[in-house]
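S.K.: Letter by letter, the chains look like this.
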Amino acid sequence: MKKLFLGLTIIISAGILSAFYIPEKQSQNIKKDSSTSFVMPDSVKVVVDQSCYMCHNSNARGDAKDALNFDKLSSMKGPALVAHLQNIEKMVKHSWMPPRRFLSDHPEKALTEKQKQVLLDWVNAENNKLFSGN
Amino acid sequence: MKKVSRKFWKYFFGGLIVLFVGIQFIPIKMPVTSENNPDDFLMNVKMPEHVASMFRESCYDCHSNETKYPWYSRIAPSSWLLASDVIGGRNHVNFSNWNKLSKAQQIAVLSDVASEVKSGDMPFWAYPIMHPKARLSAADRKELVDWAQNYQNQIFYSH
Numbered sequence: 002m003k004k005l006f007l008g009l010t011i012i013i014s015a016g017i018l019s020a021f022y023i024p025e026k027q028s029q030n031i032k033k034d035s036s037t038s039f040v041m042p043d044s045v046k047v048v049v050d051q052s053c054y055m056c057h058n059s060n061a062r063g064d065a066k067d068a069l070n071f072d073k074l075s076s077m078k079g080p081a082l083v084a085h086l087q088n089i090e091k092m093v094k095h096s097w098m099p100p101r102r103f104l105s106d107h108p109e110k111a112l113t114e115k116q117k118q119v120l121l122d123w124v125n126a127e128n129n130k131l132f133s134g135n
Numbered sequence: 346m347k348k349v350s351r352k353f354w355k356y357f358f359g360g361l362i363v364l365f366v367g368i369q370f371i372p373i374k375m376p377v378t379s380e381n382n383p384d385d386f387l388m389n390v391k392m393p394e395h396v397a398s399m400f401r402e403s404c405y406d407c408h409s410n411e412t413k414y415p416w417y418s419r420i421a422p423s424s425w426l427l428a429s430d431v432i433g434g435r436n437h438v439n440f441s442n443w444n445k446l447s448k449a450q451q452i453a454v455l456s457d458v459a460s461e462v463k464s465g466d467m468p469f470w471a472y473p474i475m476h477p478k479a480r481l482s483a484a485d486r487k488e489l490v491d492w493a494q495n496y497q498n499q500i501f502y503s504h
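Protein chains in written order, with the working numbering: chain X, 2 to 135; chain V, 346 to 504.
These are computed hints drawn from the structure, not numbers from a lab.
Hints may be right or wrong, so weigh each one.
Label-pair distances were calculated between CB atoms; the ranges are [said to hold, decoys possible]: (1) Tyr417(V) with Gln51(X): 41 to 51 Å; (2) Phe365(V) with Gln51(X): 50 to 60 Å; (3) Asp67(X) with Ala483(V): 12 to 22 Å; (4) Gly359(V) with Gln51(X): 26 to 36 Å; (5) Trp97(X) with His476(V): 34 to 44 Å.
Chain V regions said to be covered by chain X (calculated; three or more residues, Cβ under 8 Å) [claimed, not checked]: (6) 441-451; (7) 496-503.
In this text, a Cβ means the ideal position worked out from N, Cα and C, and glycines have one as well.
Turn these sequences into a full structure, and let the hints guide you.
M.R.: Here is the structure:
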C-alpha cells in the first residue's frame, strides 16, 4: 500500500514537473538564420529572431518546432501557410506566445506592443497577398 | 502505513458528504445552448453524412452552441468541469459561428481539426468514456482528417 502511494506520488509529480519542462538554451552555434524565401521583411525578422526563433527552429529541442518552424515556413504555401499565419496572429494577439514561463527566465525576449503590431501587420499583409487572386 | 483509527475514517467520509452536499448550493451558470444557428458549419457546408455525424457526435457538445448536457451537469463538481470544458471549447472553436469566420480563419480551424484528430488529442480522452458514440476508430480519424485537409484546399483555391 505504502509503495503504491509512493509510486503514484512519483508518477503524478513527474507529470506535473514535465508540464514545466522548457528546453534549455542549446549550444551557442544555433544557425542564426530564419530567413525565408517569401521574403520576410527585416523589421519582422528582427522580432522573430528575438522572441520566437529560439524554440521555433529546426534544431531546437522540444516540440515547439512541430507546431511552428520558422525554417520551414518559407517553403509552405496555400492552406498550410494560411493556417500557420492565423496561428501566429492568434498567439500574438492573445499574448500566448512567448509563453509566460519562458519569459520569466528570459524577460528580454518579451514582445513590446510595437513589436506585436509589427508581427500582426505582417500576418495581415501576407494574408491579403494569399487571398488576392494569387 | 500507520493504522488510522476507525474514527478518522468516519470523520473523513462524513466530511466528504457534508462537502458534497454543501457545494450543490454554489450557484453556477452553465453556458447557454441554442438550436438556432444560421451560421452553423454543418448547416452550411456540404460533406459526407458520416463526416457530419462525426463532427456532431464527437465535437459539437463543446465546440458549438448545441451542447447536450447530460444528467451529471446538474451536480457539482461535475457541473463545474462541464461548464469550463464547454466555455473553453467554444472559445477555441465554435462551429455554430462558422460563416462569421474569414476564409483564413476557417482554414486555420480545419487545420487544427486535422492535427488534433490525427494526434488523438481530440476528442479529449475523458469525453468518449461518457459518450461512447464520440469514440473515433483509426479509420474514422483518417476519414475526418482527410476530409478536413481536402476542404482546406477547397476553401483556399475557390476564392
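S.K.: Against this structure, judge whether each hint is valid.
M.R.: Hint-by-hint comparison with the structure:
1. Tyr417(V) with Gln51(X): 41 to 51 Å: Given range 41 to 51 Å: holds, Cβ gap about 48 Å.
2. Phe365(V) with Gln51(X): 50 to 60 Å: 51 Å, holds
3. Asp67(X) with Ala483(V): 12 to 22 Å: Given about 21 Å between the Cβ atoms, the range holds.
4. Gly359(V) with Gln51(X): 26 to 36 Å: 58 Å, violated
5. Trp97(X) with His476(V): 34 to 44 Å: 29 Å, violated
6. 441-451: This one holds; 3 residues, not fewer than the three required, reach chain X with a Cβ under 8 Å.
7. 496-503: holds (count 5)
The structure shown violates the earlier hints numbered 4 and 5.
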